[in-house]
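The residues making up each chain are set out below.
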Amino acid sequence: MAIKKFAVACYDDEEVLFPAVKQVRNSGYKIHDVYTPFAVHGLDEALGHKSTDLHIAGFIFGLTGTSTAVGFISWIFTSDWPLNFGGKPHFSLPAWIPITFELTVLFAAVGMVLTFCYLNQIMPGVKKHVFHPRQSDDMFVMALELNEHATEQEAIDFLKSTGAKETSVQIAEAGWWYGRFDKPEEYERLNA
Amino acid sequence: MNDRFEIPASLKRNSLALIAIGIITLLIGAFTMLGGDVYDKTRFWIVLLHNSVFFLLISVASIFIQAAVALAQGSWIVAYRRVPEAIGANVWLFGIIALVIMFCIVFGFDVKGVNPIYEWVHPGNDKILQGKSNFLNKGMFAGFSIVTVGLWAFFGRKFRAMSLAQENAPKNNTKIYWKFFRWSGLFLLVYGLTQMSTTPWLWIMSTQPHWYSTLFSWYTFASAFVSGMALILLWVVYLKNQGNLVLVTKEHMHDLAKFMFAFSIFWTYLWFAQYMLIWYSNQPEETIYFKLRQQGPYSVLFYSNFIINFCMPILILMSRPSKRNYFTVTFMAMIIIFGHWLDYYQMIVPGPMGSHWHMGWYELGIFAGFVGIMMTCVSRTLARTSLVPKNNILLKETIVHLS
Numbered sequence: 563m564a565i566k567k568f569a570v571a572c573y574d575d576e577e578v579l580f581p582a583v584k585q586v587r588n589s590g591y592k593i594h595d596v597y598t599p600f601a602v603h604g605l606d607e608a609l610g611h612k613s614t615d616l617h618i619a620g621f622i623f624g625l626t627g628t629s630t631a632v633g634f635i636s637w638i639f640t641s642d643w644p645l646n647f648g649g650k651p652h653f654s655l656p657a658w659i660p661i662t663f664e665l666t667v668l669f670a671a672v673g674m675v676l677t678f679c680y681l682n683q684i685m686p687g688v689k690k691h692v693f694h695p696r697q698s699d700d701m702f703v704m705a706l707e708l709n710e711h712a713t714e715q716e717a718i719d720f721l722k723s724t725g726a727k728e729t730s731v732q733i734a735e736a737g738w739w740y741g742r743f744d745k746p747e748e749y750e751r752l753n754a
Numbered sequence: 002m003n004d005r006f007e008i009p010a011s012l013k014r015n016s017l018a019l020i021a022i023g024i025i026t027l028l029i030g031a032f033t034m035l036g037g038d039v040y041d042k043t044r045f046w047i048v049l050l051h052n053s054v055f056f057l058l059i060s061v062a063s064i065f066i067q068a069a070v071a072l073a074q075g076s077w078i079v080a081y082r083r084v085p086e087a088i089g090a091n092v093w094l095f096g097i098i099a100l101v102i103m104f105c106i107v108f109g110f111d112v113k114g115v116n117p118i119y120e121w122v123h124p125g126n127d128k129i130l131q132g133k134s135n136f137l138n139k140g141m142f143a144g145f146s147i148v149t150v151g152l153w154a155f156f157g158r159k160f161r162a163m164s165l166a167q168e169n170a171p172k173n174n175t176k177i178y179w180k181f182f183r184w185s186g187l188f189l190l191v192y193g194l195t196q197m198s199t200t201p202w203l204w205i206m207s208t209q210p211h212w213y214s215t216l217f218s219w220y221t222f223a224s225a226f227v228s229g230m231a232l233i234l235l236w237v238v239y240l241k242n243q244g245n246l247v248l249v250t251k252e253h254m255h256d257l258a259k260f261m262f263a264f265s266i267f268w269t270y271l272w273f274a275q276y277m278l279i280w281y282s283n284q285p286e287e288t289i290y291f292k293l294r295q296q297g298p299y300s301v302l303f304y305s306n307f308i309i310n311f312c313m314p315i316l317i318l319m320s321r322p323s324k325r326n327y328f329t330v331t332f333m334a335m336i337i338i339f340g341h342w343l344d345y346y347q348m349i350v351p352g353p354m355g356s357h358w359h360m361g362w363y364e365l366g367i368f369a370g371f372v373g374i375m376m377t378c379v380s381r382t383l384a385r386t387s388l389v390p391k392n393n394i395l396l397k398e399t400i401v402h403l404s
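Respectively, the protein sequence lines represent chains W and A.
Per the working numbering, the first sequence runs over residues 563 to 754.
Per the working numbering, the second sequence runs over residues 2 to 404.
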């Protein structure tokens with residue numbers, strides 16, 4: 563939870579957005595995030611994001627699923643409730659492979675979705691500040707974090723020079739939160 | 002831009018040396034084995050059958066990937082599309098070699114009234130073979146094989162010709178693009194009716210004519226396709242090392258490696274699906290296939306097949322950095338080609354050879370000969386035209402491609 567001051571720029575074309583991102587990064591401003599109405603290929607590299615560790619999480623979730631399935635089935639069929647299926651041995655690995663595979667996929671998929679939601683700070687019931695209502699419609703919105711080294715006017719002028727259609731300065735919560743945020747007193751409570 | 006490939010002297014020398022090794026092996030094999038007992042003779046022919054079918058099917062996979070990508074309107078292959086085109090344009094050569102060998106076996110290989118490789122040639126009093134003789138007979142085999150190879154060879158050359166014609170077409174003209182699209186659809190139909198269903202029944206599964214599996218053709222297709230992608234990757238890496246294919250970046254290599262990775266898993270899926278159903282129902286006429294391979298004299302090949310073709314790709318190619326590393330993907334491409342060569346070996350050889358199999362100078366020498374033929378003819382085709390598909394309407398898209 564941190565209230566910060568942002569300079570927000572809206573672009574109407576990704577071909578303007580890419581050079582703008584480059585200029586902003588070169589001039590030393592810190593980009594909080596860029597919001598786009600659709601997935602823009604190559605934007606994560608332009609923003610300098612390192613590649614995600616989501617797939618490592620997926621691998622670990624998958625291994626958890628595999629060991630859960632093999633452990634659980636082998637416990638049931640060899641010690642808890644052994645059954646005779648057509649004279650096959652109690653420990654029949656080939657017959658368990660489909661279930662093991664399914665559980666691996668299930669654990670990996672569900673685990674990765676939840677991890678993805680956590681990393682991107684999206685979850686049912688969770689709120690985030692919306693910098694511009696058209697960021698999910700037809701505008702590419704870039705938010706810069708302002709600090710004592712960068713004055714508002716400088717930042718706004720600079721953003722306008724990169725081709726922004728609209729600019730504004732906003733004081734907003736940077737992270738996510740649970741609950742309401744439309745009441746001024748909650749803002750103040752968090753700020754205190 | 003370095004868009005012409007000039008065959009280096011080392012490639013010419015090495016490929017000719019490999020062909021020479023193959024021919025010498027063939028001659029020595031003919032002198033030492035054809036005079037021997039029935040298993041010596043069978044070994045002579047079945048290794049030729051195994052290698053010619055394997056190399057034919059992995060080169061046909063290059064035509065398949067062109068058609069599949071054209072139908073999906075993919076651009077990622079365009080940067081190096083001359084490579085699958087060149088491999089596909091040489092399908093006729095491997096087709097003729099395979100046809101000659103198969104016809105020698107079907108029509109000319111006879112040991113005391115029995116054909117040791119294709120037992121169905123003389124059904125005799127065998128009820129099962131008599132019942133299958135409407136499909137498994139010499140005329141059907143010959144006709145079907147000629148039609149299959151003819152269609153594959155035609156499509157391989159047709160695709161290359163269409164793609165080359167695009168270079169001289171008016172700029173941004175999509176006529177040839179849509180023509181290619183339609184021919185691709187037609188090829189997938191042909192491919193589905195040959196490689197994905199009937200052809201492996203005739204060429205491979207009929208070496209054990211009493212046994213059958215409805216999944217078999219899919220399984221051979223997965224095997225051929227993953228090694229075909231590995232073959233394309235090896236050529237792309239080689240051409241990049243020669244300073245050609247400057248448009249190909251790590252993004253394109255990543256895509257090829259993803260295909261190798263994903264279809265190794267797909268191969269395992271089919272391998273296991275076939276195995277598990279037979280293991281589960283446990284009927285003697287079906288389990289005979291795995292009795293011989295898993296518990297019999299081929300168990301070494303059976304388990305190494307699984308380790309090489311599943312465990313190694315899934316562990317080594319899983320992470321993103323390893324798919325973008327030229328050394329890892331080249332190494333894995335060679336491993337995958339060798340592994341699926343072993344896979345074809347244990348599809349074809351166990352039925353006729355039983356416990357009398359050898360993996361030695363003869364098998365590897367013939368393999369070397371086929372590698373030499375592949376290197377010679379594909380490099381010659383590649384050197385004939387520019388490696389950059391100029392004027393291709395997806396060229397810009399492939400340059401900015403991100404995997």
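Take these hints with a grain of salt, some might be off.
Claimed, not checked - If we take Cβ atoms under 8 Å as the criterion, some of the chain A residues that face chain W in the derived model are:
| hint | residue |
| --- | --- |
| 1 | Phe108 |
| 2 | Phe110 |
| 3 | Lys113 |
| 4 | Tyr276 |
| 5 | Met277 |
| 6 | Tyr281 |
| 7 | Asn283 |
| 8 | Leu403 |
Said to hold, decoys possible - Calculated cross-link-like contacts (lysine to any residue; reagent style SDA-like; alpha-carbon spacing at most 25 Å):
| hint | chain 1 | residue 1 | chain 2 | residue 2 |
| --- | --- | --- | --- | --- |
| 9 | A | Lys251 | W | Lys650 |
| 10 | A | Lys292 | W | Ala734 |
| 11 | A | Lys251 | W | Leu609 |
| 12 | A | Lys259 | W | Ser613 |
| 13 | A | Lys176 | A | Trp272 |
| 14 | A | Lys259 | W | Asn588 |
| 15 | W | Lys584 | A | Ile400 |
| 16 | A | Lys259 | W | Pro686 |
| 17 | A | Lys251 | W | Ala734 |
| 18 | A | Lys397 | W | Glu576 |
| 19 | W | Lys612 | A | Lys292 |
| 20 | A | Lys259 | W | Lys650 |
| 21 | A | Lys259 | W | Ala601 |
| 22 | A | Lys251 | W | Val602 |
| 23 | W | Lys612 | A | Ile97 |
| 24 | A | Lys259 | W | Val602 |
| 25 | W | Lys650 | A | Pro285 |
| 26 | A | Lys259 | W | Ser654 |
| 27 | W | Lys584 | A | Val401 |
| 28 | W | Lys612 | A | Lys176 |
| 29 | A | Lys292 | W | Glu576 |
| 30 | W | Lys650 | A | Leu216 |
| 31 | A | Lys251 | W | Leu605 |
| 32 | W | Lys689 | W | Ala734 |
| 33 | W | Lys584 | A | Glu252 |
| 34 | W | Lys650 | A | Arg294 |
| 35 | A | Lys251 | W | Phe621 |
| 36 | A | Lys259 | W | Gly604 |
| 37 | W | Lys650 | A | Ile400 |
| 38 | A | Lys397 | W | Lys650 |
| 39 | A | Lys259 | W | Glu664 |
| 40 | A | Lys292 | W | Asp606 |
Hints are computed from structural coordinates only; laboratory data are not their basis.
The beta-carbon is built from N, C-alpha and C at its ideal position, and this holds for glycine as well.
Each hint tested on the structure:
1. At its closest, the beta carbon of Phe108(A) sits 41 Å from a beta carbon of chain W; the interface hint therefore is violated under the 8 Å criterion.
2. A hinted interface residue such as Phe110(A) counts as satisfied when its beta carbon comes closer than 8 Å to some beta carbon of chain W; here the least separation is about 37 Å, so the hint is violated.
3. For Lys113(A), the shortest C-beta to C-beta distance to chain W is roughly 41 Å, which exceeds 8 Å, and the interface hint is violated.
4. Because the beta carbon of Tyr276(A) sits about 7 Å from the nearest beta carbon in chain W, less than 8 Å, this interface hint is met.
5. For Met277(A), the shortest C-beta to C-beta distance to chain W is roughly 5 Å, which falls under 8 Å, so the interface hint holds.
6. Taking 8 Å as the C-beta contact cut-off toward chain W, the hint placing Tyr281(A) at the interface holds, the least distance being around 7 Å.
7. Evaluation of the Asn283(A) hint against chain W yields a held restraint, the C-beta minimum of about 7 Å falling below 8 Å.
8. At a threshold of 8 Å, the smallest CB-CB gap from Leu403(A) to chain W is about 5 Å, leaving the interface hint in force.
9. Distance hint between Lys251(A) and Lys650(W) is unfulfilled; the C-alpha atoms sit about 49 Å from each other, more than 25 Å.
10. Taking the CA atoms of Lys292(A) and Ala734(W), the gap is about 70 Å. The hint is violated against a cut of 25 Å.
11. With a C-alpha separation of about 20 Å, the suggested pair Lys251(A) and Leu609(W) falls inside the 25 Å cut-off, and the hint holds.
12. For a cut-off of 25 Å, the pair hint linking Lys259(A) to Ser613(W) stands: about 17 Å separates their Cα positions.
13. With a C-alpha separation of about 42 Å, the suggested pairing of Lys176(A) with Trp272(A) is violated against the 25 Å cut-off.
14. For the suggested pair Lys259(A) and Asn588(W), the alpha carbons sit about 34 Å apart, so the restraint of at most 25 Å is broken.
15. Simply put, Lys584(W) and Ile400(A) have alpha-carbon atoms about 21 Å apart, close enough for the 25 Å limit, and the pair holds.
16. As the CA atoms of Lys259(A) and Pro686(W) are separated by approximately 34 Å, the hinted pair breaks the 25 Å bound.
17. Between Lys251(A) and Ala734(W), the direct Cα distance comes to roughly 40 Å. Violation of the 25 Å bound is thereby established for this hinted pair.
18. Using a Cα cut-off of 25 Å, the hinted pair Lys397(A) and Glu576(W) holds, with the two alpha carbons roughly 18 Å apart.
19. Of the supplied pair hints, the one linking Lys612(W) and Lys292(A) is violated, its CA atoms being roughly 51 Å apart against a limit of 25 Å.
20. Under the criterion of a C-alpha separation no larger than 25 Å, the hint pairing Lys259(A) with Lys650(W) is inconsistent with the structure, at around 38 Å.
21. The hinted pair formed by Lys259(A) and Ala601(W) meets the criterion: a straight-line CA distance of about 22 Å does not exceed 25 Å.
22. Pair hint Lys251(A) plus Val602(W) holds up; C-alpha atoms about 20 Å apart against a cutoff of 25 Å.
23. For the suggested pair Lys612(W) and Ile97(A), the alpha carbons sit about 52 Å apart, so the restraint of at most 25 Å is broken.
24. A C-alpha spacing of about 22 Å is found between Lys259(A) and Val602(W), which places the hinted pair at or below 25 Å, so the restraint holds.
25. Restraint check for Lys650(W) and Pro285(A): the C-alpha separation of about 15 Å stays at or below 25 Å, so the hint holds.
26. Between Lys259(A) and Ser654(W) the CA atoms are separated by roughly 32 Å; this puts the pair beyond 25 Å, and the hint is violated.
27. The hinted pair formed by Lys584(W) and Val401(A) meets the criterion: a straight-line CA distance of about 18 Å does not exceed 25 Å.
28. Of the pairs offered as hints, the one joining Lys612(W) and Lys176(A) is violated, with about 42 Å between alpha carbons and a cut-off of 25 Å exceeded.
29. Taking the CA atoms of Lys292(A) and Glu576(W), the gap is about 62 Å. The hint is violated against a cut of 25 Å.
30. Under the criterion of a C-alpha separation no larger than 25 Å, the hint pairing Lys650(W) with Leu216(A) is consistent with the structure, at around 24 Å.
31. For the proposed pair Lys251(A) and Leu605(W), the alpha carbon gap of about 18 Å is at most 25 Å, so the pair holds.
32. Distance restraint check for Lys689(W) and Ala734(W): the Cα-Cα separation of roughly 12 Å lies within the 25 Å cut-off, and the hinted pair is therefore satisfied.
33. Between Lys584(W) and Glu252(A) the alpha-carbon distance is near 22 Å, which keeps this suggested pair within the 25 Å criterion.
34. Distance hint between Lys650(W) and Arg294(A) is fulfilled; the C-alpha atoms sit about 20 Å from each other, no more than 25 Å.
35. Under the criterion of a C-alpha separation no larger than 25 Å, the hint pairing Lys251(A) with Phe621(W) is consistent with the structure, at around 23 Å.
36. A hinted pair counts as satisfied when its Cα atoms are at most 25 Å apart, and Lys259(A) with Gly604(W) qualifies at roughly 19 Å.
37. About 56 Å separates the Cα atoms of Lys650(W) and Ile400(A), which puts this hinted pair outside 25 Å; it is violated.
38. Of the supplied pair hints, the one linking Lys397(A) and Lys650(W) is violated, its CA atoms being roughly 59 Å apart against a limit of 25 Å.
39. Annotation: proposed proximity of Lys259(A) to Glu664(W) holds, straight-line Cα distance about 22 Å (limit 25 Å).
40. For the proposed pair Lys292(A) and Asp606(W), the alpha carbon gap of about 53 Å is over 25 Å, so the pair is violated.
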